[in-house]
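What follows is each chain in one-letter form.
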Amino acid sequence: MIRRVLPHGLGRGLLTRRPGTRRGGFSLDWDGKVSEIKKKIKSILPGTPCDVLPDTSHLPPEHSDVVVVGGGVLGLSVAYWLKQLENRRGGMRVLVVERDHTYSQASTGLSVGGICQQFSLPENIQLSLFSASFLRNINEYLAVTNAPPLDLQFNPSGYLLLASEKDAAAMESNVKVQKQEGAKVCLMSPDQLRNKFPWINTEGVALASYGMENEGWFDPWCLLHGLRQKLMSMGVFFCQGEVTRFVTSSQRMMTTDDEMVTLKSIHEVHVKMDHSLEYQPVECAIVINAAGAWSAQIAALAGIGKGPPGTLQGTKLPVEPRKRYVYVWHCPQGPGLETPLVADTSGAYFRREGLGSNYLGGRSPAEVSRVGWDMLARRHRIIVMKESGFWPGSVCFVHPQVQTAWAGYYDYNTFDQNGVVGPHPLVVNMYFATGFSGHGLQQAPGVGRAVAEMILEGSFQTIDLSPFLFNRFYLGEKTQENNIM
Amino acid sequence: MAAPWVSLRLVAPMWNGTRGIHRLGGAVVPEGNQKKERKMLQFLNNHFYDVEALRGYLLQREMSKVHLKNRFRDKEWIRPDKYGHFSPEFWNFREVPVEAVDASDCEINYEGLDNLLLLKELQSLSLQRCPHVDDWCLSRLYPLADSLQELSLAGCPRVSERGLACLHHLQNLRRLDISDLPAVSNPGLTQILVEEMLPNCQVVGVDWAEGLKLGPEEQPQDTASPVPA
Numbered sequence: 001m002i003r004r005v006l007p008h009g010l011g012r013g014l015l016t017r018r019p020g021t022r023r024g025g026f027s028l029d030w031d032g033k034v035s036e037i038k039k040k041i042k043s044i045l046p047g048t049p050c051d052v053l054p055d056t057s058h059l060p061p062e063h064s065d066v067v068v069v070g071g072g073v074l075g076l077s078v079a080y081w082l083k084q085l086e087n088r089r090g091g092m093r094v095l096v097v098e099r100d101h102t103y104s105q106a107s108t109g110l111s112v113g114g115i116c117q118q119f120s121l122p123e124n125i126q127l128s129l130f131s132a133s134f135l136r137n138i139n140e141y142l143a144v145t146n147a148p149p150l151d152l153q154f155n156p157s158g159y160l161l162l163a164s165e166k167d168a169a170a171m172e173s174n175v176k177v178q179k180q181e182g183a184k185v186c187l188m189s190p191d192q193l194r195n196k197f198p199w200i201n202t203e204g205v206a207l208a209s210y211g212m213e214n215e216g217w218f219d220p221w222c223l224l225h226g227l228r229q230k231l232m233s234m235g236v237f238f239c240q241g242e243v244t245r246f247v248t249s250s251q252r253m254m255t256t257d258d259e260m261v262t263l264k265s266i267h268e269v270h271v272k273m274d275h276s277l278e279y280q281p282v283e284c285a286i287v288i289n290a291a292g293a294w295s296a297q298i299a300a301l302a303g304i305g306k307g308p309p310g311t312l313q314g315t316k317l318p319v320e321p322r323k324r325y326v327y328v329w330h331c332p333q334g335p336g337l338e339t340p341l342v343a344d345t346s347g348a349y350f351r352r353e354g355l356g357s358n359y360l361g362g363r364s365p366a367e368v369s370r371v372g373w374d375m376l377a378r379r380h381r382i383i384v385m386k387e388s389g390f391w392p393g394s395v396c397f398v399h400p401q402v403q404t405a406w407a408g409y410y411d412y413n414t415f416d417q418n419g420v421v422g423p424h425p426l427v428v429n430m431y432f433a434t435g436f437s438g439h440g441l442q443q444a445p446g447v448g449r450a451v452a453e454m455i456l457e458g459s460f461q462t463i464d465l466s467p468f469l470f471n472r473f474y475l476g477e478k479t480q481e482n483n484i485m
Numbered sequence: 001m002a003a004p005w006v007s008l009r010l011v012a013p014m015w016n017g018t019r020g021i022h023r024l025g026g027a028v029v030p031e032g033n034q035k036k037e038r039k040m041l042q043f044l045n046n047h048f049y050d051v052e053a054l055r056g057y058l059l060q061r062e063m064s065k066v067h068l069k070n071r072f073r074d075k076e077w078i079r080p081d082k083y084g085h086f087s088p089e090f091w092n093f094r095e096v097p098v099e100a101v102d103a104s105d106c107e108i109n110y111e112g113l114d115n116l117l118l119l120k121e122l123q124s125l126s127l128q129r130c131p132h133v134d135d136w137c138l139s140r141l142y143p144l145a146d147s148l149q150e151l152s153l154a155g156c157p158r159v160s161e162r163g164l165a166c167l168h169h170l171q172n173l174r175r176l177d178i179s180d181l182p183a184v185s186n187p188g189l190t191q192i193l194v195e196e197m198l199p200n201c202q203v204v205g206v207d208w209a210e211g212l213k214l215g216p217e218e219q220p221q222d223t224a225s226p227v228p229a
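First to last, the protein sequences are chains A and B.
Counting from 1, one number per residue, gives the positions in the first sequence under UniProt numbering.
Counting from 1, one number per residue, gives the positions in the second sequence under UniProt numbering.
In isolation and in its complexed conformation, chain B is listed as follows (with noise of 0.2 Å):
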């Protein structure tokens, strides 16, 4: 009985230096030469345990290099503990890139974002239930346009479509979320016009039939009155 086939879901350039057995793997998309060779190994592994076996120790033995390496160890978010504290070993990582910043119910103003438009290669926002961000917060994020492609402005209570309409310097916006926001005077046209503004976004959070009033044939029957004759 052949031991299932063990595919590996680690990219291939994190291991470019060292090769196993002919490289380990299905990442890699083989070239033409070494299909023989991939075809043999494969042949070697259905039919043979000890194949099977050294073939499996050394990709363990790849693995555990790659994860020592691996500063993150499935902490893809950094979070601050139940007493609101981020740990000293994020000191750590001040070369990393920033990727995605969740900064949901936080009470970050305008002169805060000084912060958050430093981090060139942002690629996603979350600026949802924020009290403070208003427009000319958004008018702010201007600078991010190069890498910013999801950005959540859900729940935040002074963004009004006026501030909506300087999102358009994002053009690398996949999602935008503008559900939720109260100060928005007509949610049903903003969201139609934002979507013209942003072609190759994906425009979420209202919906378009929003504001729109019922037909007289679809008007809800109200019980208590009497049917009409």
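Bound conformation, chain A alone (with noise of 0.2 Å):
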């Protein structure tokens, strides 16, 4: 009653002023004025919506101390680490932007889920061996109150990497290093071989390393999902949305050699909402770019690679979405339960998935990327296993029965196939942990704790990922990983 009578009254008693006729008028628009005050006025009264502030539930916050671009496993092992290893409990905000929440097309999701100590370089296994034990504690790690714990499905079976003459020597000595820095990895002979695989064919196989402990292969899903919970619980803020634009500030510094450099510094990002134009800027002091396979993307919109080539400025991130494909076939008569996974010297890899004489396997993708099919390869199936040579014949499948296929990107480092850790020399407040090219799965805790050591402390602590900064792309130094998978 009150609501019908007040416009009534206010309309025509203000409306007999005219906007000349006011004494000390301070307001041209009177009349806009009038039916703002209106709408307060509506709003105020009991019985309306009050929706004088709008609706940004769906926005990320205004200020956030970390921006973490990617929401896969890297990415949330990083803002875990982070908020694990603050001094003070909730004085970092972190905030996770992933593009898509369904994981579609993210690595992790689409990952086979294996986990081996056999590499050649000593930082890979030691980051391996500490994922084992991460994985093997995750539930002291991840626990939540209330929420039940979590089973990783994990297999112990150990990876049996197969290898030629000419490669021979290489695993030898990859093997010593792997046993130096306490990976359980023993060397098979072909006689071996076939005494514990019978259903190996051995034929061109000169030397085998299999992995005994703390290899194997989980569910990538339930680990990415623990960690969502946890980080959840722990206070920190996901947003659905795309970075579009990063805000930098430069500054001009003088190197000791007298040359002039721009060091710029990322203040603020814009995060998009999905089938929207709107975005929301997000004022951070820190932005860890774990995107995988698009992480060159958001490297360029930080302006890293736009300079001339050969100089610090023109060094692009070399981390590109190499596609590869993942087949499941159902075999009556296949190896049996102690099958470990077995990977060959070209890149190809299978293992036992389930009870039922299920195998699922695919090849690694080659150094040169060959132009493949854009769709998943059900329709090619038999042809894409016999035409790309797909099993060298080191196992006998006999009228294998392919079932279902994916396909999934590896963020391929073209330049020297493993991961890119640390903060960028002039961009000084962007983070990499990405382009680990099929690793990043295995080594997603070790990389997360660095990462977070980094930015905490400074340095690393625990393990030393030097060899994998940024800086090695300009000076050119591969810090190439030689063992055969």
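Hints may contain errors.
Simulated pairs of lysine-lysine, DSS-like, Cα-Cα distance not exceeding 27 Å [to be verified]:
| id | chain 1 | residue 1 | chain 2 | residue 2 |
| --- | --- | --- | --- | --- |
| 1 | B | 120 | A | 179 |
| 2 | A | 306 | A | 176 |
| 3 | A | 196 | A | 184 |
| 4 | A | 478 | A | 323 |
| 5 | A | 316 | A | 306 |
| 6 | A | 478 | A | 179 |
| 7 | B | 120 | A | 184 |
| 8 | A | 196 | B | 120 |
| 9 | A | 272 | A | 306 |
| 10 | A | 166 | A | 176 |
| 11 | A | 179 | A | 196 |
| 12 | B | 120 | A | 176 |
Simulated from the structure, these hints should not be mistaken for lab results.
With the hints as a guide, bring the two chains together.
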């Protein structure tokens, strides 16, 4: 009733005056003001929704200490360790920005889920060993009150790498390094191989290395879910959106060699919402690039690589998406329960899946990217397997029936196929945690901790990942992984 | 009336040095040229009480010597007392190889297995109903492959078929007990796969018919429902 009366009264009362007649009138557009005042009073009155403030619940917060670009296993791992190692509880606000909340193209979910320590670089071995102990004690690390314990479905069946004559020497030296670092790996001759795994055709195989402990495969979705749950309980903000812009401020400084360098610092991240032009500028102190296969785009947004080639400013982040296919096939008389993940010199690998004589496998993408099909290989099935020389005959699969297949991206580092970790020399507050070329899932816990230590302490504390810094792209020093996987 | 022939159970190598009356007992297979002696001895034993008594006395003397050396004295297993403590005499047996460990209902975990894996001559290991033994722990058992012959995992709540897959290292295993494992998704199929994986081993615990559904003619009749016409 009052609502109906008031506008009338106000309307009549106010409309009788005309703008010019008001003594000492201080505002033009009096009519517009009137309708605004009417609206405000209507909204304050009981019974109407009070929307004086627009709804921003879908937007990320306006300020955040750390923005993690990419919500895959690497990004979540960095966020986890940042919150775990911060000096004061609740001292850091971390925002994780993920473009696709279904993770339909993210490498984590499409991964085969293997973990192994059979690398040639000691850093890689240590990262993998730490990840194994993280996964073993995952219910202590990622415990959330009242949540059920995580079951990673870990199969401790180990990895078996087969080497031909020319790779045998490299494999031997690799195994020596692995044993030194504490991995439990043993070498097997073709005779021992035939004894243990009679279904292997040892023609052309000169040496094999077999991981006995801490190697196998697990469910990556479970790890992702566990990390997400734990992060939400620790107060990390999640946002579904795409990073479209970095607002940077630059500072020109003189090096000791009397050269001018421009140091950039990102102080705002623009996060654009899905299916809309709306974006939120998030003020931040640190940005973590964990965007996986799309890290190069994020780096380009920050101006990395924009400069004359051959200089530090012109060095791009050499990470690109590389597609690889995984096939699941059924073979009734295939290898039994004890089958490890068998990988060959050609990059082809397979493992047992479940108890029903199903196997899954694929081939790691070669250095030179082949023009591949852009869709799932369902139509091409057996043709793909035969044409690309998929299984070089090391294991006899009699009448395999392909059940399903899927494709996923590696965040492939075209420079040396090893990860990029640590800050960029010129964009001082962007930290990388990407480019692991197929090993990201198994090294995520270790890398996350290393990046968190770098941010909080200024240097790597537990595992020294200096060979993985960005500088090597400019200096041309390859941190090559010599093992045959 | 002849006294019953005393057959000895102790193994010959225990007292090789002393011979008594031309070797005591029937555990040692006599060689050809001593058969006549043994027959003579047997004949005398059967006919004369004195020979029998003498022989019995010497035998007793040997047995007591052996018993003195035998520190275990009919105690095969070292068990804790009712307070859960082990007796300090245990320290005397430090160099004796351990053949069997019974860790049932024990809270042993992944790190705790460090201690068991040092026992290079372990033949029998029982991890029944251990609450913290899971698949990761089973993947650690391969150093015992040379000696382990019997393994029992009955009732371990965290062991699944994925952990059982890494038991294939234990090729000397003769008896494996995988009954009552709640985390195994498909016990019958797992049993078959484990039997295939370890051909020389007797796998105990799951009836292969478990998990199979009854055929239509074998459906249990429900007495309460009306009999179909």
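Tested hints:
Pair hint residue 120 of chain B plus residue 179 of chain A holds up; C-alpha atoms about 21 Å apart against a cutoff of 27 Å. For the given pair, residue 306 of chain A sits about 42 Å from residue 176 of chain A by alpha-carbon distance, which is inconsistent with the 27 Å threshold. Simply put, residue 196 of chain A and residue 184 of chain A have alpha-carbon atoms about 18 Å apart, close enough for the 27 Å limit, and the pair holds. Between the alpha carbons of residue 478 of chain A and residue 323 of chain A the distance comes to roughly 23 Å, so the proposed pair stays at or under 27 Å and holds.
Taking the CA atoms of residue 316 of chain A and residue 306 of chain A, the gap is about 8 Å. The hint holds against a cut of 27 Å. Our distance criterion of 27 Å between C-alpha atoms is met by residue 478 of chain A and residue 179 of chain A, whose separation comes to about 24 Å. Between residue 120 of chain B and residue 184 of chain A the CA atoms are separated by roughly 18 Å; this keeps the pair inside 27 Å, and the hint holds. Our distance criterion of 27 Å between C-alpha atoms is met by residue 196 of chain A and residue 120 of chain B, whose separation comes to about 22 Å.
Simply put, residue 272 of chain A and residue 306 of chain A have alpha-carbon atoms about 23 Å apart, close enough for the 27 Å limit, and the pair holds. For the given pair, residue 166 of chain A sits about 17 Å from residue 176 of chain A by alpha-carbon distance, which is consistent with the 27 Å threshold. Of the supplied pair hints, the one linking residue 179 of chain A and residue 196 of chain A holds, its CA atoms being roughly 21 Å apart against a limit of 27 Å. Only pairs whose Cα atoms come within 27 Å are accepted, and residue 120 of chain B paired with residue 176 of chain A is accepted, the gap being roughly 24 Å.
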